[in-house]
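Chemist: Whenever a hint applies, use it, and build me the whole structure from the sequences.
Quick note, the sequences are listed as chains A and B, same order. Residues 413 to 662 (this note's numbering) make up the first sequence, in order. Residues 5 to 439 (this note's numbering) make up the second sequence, in order.
Incorrect hints may have been included.
Stated by the list, open to error - When the alpha-carbon atoms are kept at most 25 Å apart in a straight line, the in silico SDA-like pairs for lysine to any residue are as follows:
| no. | chain 1 | residue 1 | chain 2 | residue 2 |
| --- | --- | --- | --- | --- |
| 1 | A | 563 | A | 463 |
| 2 | A | 563 | B | 385 |
| 3 | A | 520 | B | 311 |
| 4 | A | 520 | B | 434 |
| 5 | B | 346 | A | 522 |
| 6 | A | 520 | A | 508 |
| 7 | A | 426 | A | 475 |
| 8 | A | 522 | B | 434 |
| 9 | A | 563 | A | 592 |
Keep in mind that the hints were calculated from the coordinates and are not lab data.
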Amino acid sequence: MLEIKGLRATVADKEILKGIDLTVNAGEVHAVMGPNGSGKSTLAQVLAGHPAYEVTGGTITYDGEDLLAMDAEVRAQRGVFLAFQYPVEIPGVSNAYFLRAAYNEIRKAKGEEEIDPMSFADLMDEKMQLVEMDPAMLSRSVNTGFSGGEKKRNEILQMAVLAPKLAVLDETDSGLDIDALRIVANGVNSLKRPDNATIVVTHYQRLLNYIVPDFVHVLAGGRIVRSGGKELALELEAKGYDWLLEEAIA
Amino acid sequence: MIESYLRAFERTSSPAETAAPDWARSLRLSAITRFETLGFPTTKNEDWHFTSVAPIAERDFELLAPPAHGVTAAQLAPYSFGATDWHTLVFVNGRYDATLSGARALPDGVTLLPLKRAYDELPLVVEQYLGKIAEYEGQTFTALNTAFLDEGAVVHIGAEFEVARPIHLLFVTDGNARNGTAQPHNLIVLDRFAKATVIETYVGLAQDTYFTNAVTEAVIGDGATLTHLKLQRESEKAYHVGTLDVRQARDSHLVSFSFATGAALSRTNIYTELRGEGCGATLNGLYLGDGEQHIDHQTRIEHAEPNCYSRELYKGILDDSAHGVFNGKVFVHPRAQKTDGKQTNNTLLLSEKAQIDTKPQLEIFADDVKCTHGATVGRLDETSLFYMKSRGINARTARELLTYAFAADVLETIELEEVRHGLEAATLARYTQRV
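Modeler: So, in structure tokens, the structure goes:
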């Protein structure tokens with residue numbers, strides 16, 4: 413589904429990603445871990461097409477197509493979804509309106525009919541239960557005045573509604589208490605299908621107790637320095653990142 | 005030009021020409037004298053620093069004659085946003101139009117009259133307040149308006165009475181009014197514990213040059229609440245100066261909203277004096293400009309007594325070469341301890357040539373107060389744009405939605421549903437039809 417080769421990226425002329433190789437197949441969950449400043453979030457943003465990150469080398473092939481040639485909205489329409497580490501507040505646009513606009517644009521891009529408001533309301537009812545969200549949140553402005561946990565749940569709600577093929581969760585666990593973490597993880601797990609894939613970007617192993625990865629990759633200094641199975645995450649939890657960084661340098 | 009107004013004054017001020025009682029005629033006389041002395045302000049005048057009124061001052065405007073062709077109710081329907089149960093007085097080209105006006109069965113204690121009838125039917129209230137709230141000593145346009153005091157509306161709500169539906173004062177300029185001027189003057193009086201919503205709408209039905217110079221005086225009695233909405237939707241070639249001058253008594257509340265989207269050049273003044281303890285004033289507004297439009301707002305809140313609050317949120321969206329001005333003055337007098345004031349002005353610029361001059365002015369002479377102000381000027385937020393695009397929303401739709409959302413944020417504060425929905429729809433349409 414996704415093949416990243418030799419990916420290099422800079423932000424504000426500073427090179428952050430220095431040659432990433434990563435292959436993700438349908439049905440898989442990949443965890444990308446690493447210390448602060450390792451480039452985890454940059455990788456997530458580059459996948460989603462954030463204009464502030466400039467790709468200076470390498471390729472990303474998604475479903476056989478050049479992902480880097482697509483605008484951010486086209487990527488989303490083709491099924492790429494980024495759950496933001498810091499979801500953006502948009503005062504004046506209701507959550508319901510925003511979600512329906514996004515949902516319909518994605519349908520339009522697939523050549524499908526727009527959904528009518530009634531059917532959309534039913535869909536929302538179902539998906540909101542998944543993330544245990546108060547229906548009143550729908551009429552509020554997108555993320556505006558939401559608590560940290562509410563914002564993250566709102567990201568997973570969007571993911572549930574838009575049903576992406578490739579979901580990238582950028583430190584979705586940061587700032588969450590254990591209850592919110594469990595709700596978010598349950599949401600992600602119940603959306604897992606054989607034909608979609610998830611990349612979980614996280615600093616802590618904690619989230620991986622709930623979202624069990626098939627593969628774990630450690631990012632350091634803009635490169636993947638170690639890949640392994642889920643046991644690698646436990647090793648990192650026990651030993652920290654330093655031993656890997658030392659090995660990488662040595 | 006000043007001379008043309010002086011000549012017009014000579015023509016229109018004989019007892020035969022006006023319904024005004026003697027006291028009002030002498031008010032007019034002293035106002036024209038003051039106008040002649042003051043002349044039109046230049047940009048050297050601090051209050052007009054960012055707004056040149058030369059286009060108004062250099063033209064000769066004729067006092068508007070009654071329209072030759074009737075304006076129809078159907079033409080005016082959009083300006084009530086589909087509501088059919090408002091209490092409406094319509095003025096066409098500055099003249100009261102009884103046929104188009106429809107003051108539905110008014111509740112007890114409520115009087116709504118054109119000024120000419122109010123002289124006879126509500127003499128005490130009119131004489132007590134007319135010309136007494138909106139001072140014209142230093143205000144050229146108020147002096148000019150008062151000099152031609154003749155038409156307008158008088159609203160009186162008796163003590164403890166409440167009008168459920170809004171009172172709508174609709175000032176229309178039609179296609180027969182080119183180079184004319186209307187000088188409407190309104191008076192709104194709420195006695196103690198009264199409650200009312202008054203909407204003033206100014207619209208141009210043809211794309212002509214004309215000049216509206218309006219003054220509204222309002223008195224809000226003890227514990228009374230006035231909601232005042234001013235909707236300025238003049239012709240794009242028109243000039244508009246409009247002043248709302250309010251005096252608030254103890255525990256009274258003013259909720260004001262100014263929506264300004266019309267006119268080549270407009271200046272809206274919203275002034276209130278909090279003259280008793282426990283008052284609240286909420287002044288919100290939205291200005292939308294494009295082309296070469298110049299849209300100026302000046303607000304002034306006088307905190308004269310302790311324990312009052314004021315809240316102010318003005319937002320604007322300017323495109324093309326539009327020029328916005330916001331000057332918000334808050335004066336806290338030495339007596340006005342525990343004043344709680346907050347003022348915000350945010351402007352979104354959609355083009356390189358659009359500009360805003362924003363000038364918050366807090367003058368605080370009491371030592372135990374909480375007053376803040378803030379102003380932002382900016383373009384659409386790139387992070388928000390990316391967030392929307394990352395959800396599949398195309399770039400153009402994202403820009404449009406964010407532009408609309410910027411305005412919707414302040415429109416949401418309008419309590420009256422028809423107006424809120426109407427302005428939201430108009431704003432959405434405006435920013436989603438454009439590239």
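Chemist: For each hint, tell me whether it holds in the structure or not.
Modeler: We went through each hint and held it up to the structure:
1. 563(A) / 463(A): Cα-Cα ~23 Å, so holds.
2. 563(A) / 385(B): holds (19 Å)
3. 520(A) / 311(B): Violated: residue 520(A) and residue 311(B) sit about 56 Å apart, past 25 Å.
4. 520(A) / 434(B): Holds, because 24 Å separates the two Cα atoms, which is no more than 25 Å.
5. 346(B) / 522(A): violated (48 Å)
6. 520(A) / 508(A): Answer holds: residue 520(A) to residue 508(A) is near 18 Å, not above 25 Å.
7. 426(A) / 475(A): Answer violated: residue 426(A) to residue 475(A) is near 30 Å, above 25 Å.
8. 522(A) / 434(B): With a Cα-Cα distance of about 29 Å, the restraint between residue 522(A) and residue 434(B) is violated, given a limit of 25 Å.
9. 563(A) / 592(A): holds (11 Å)
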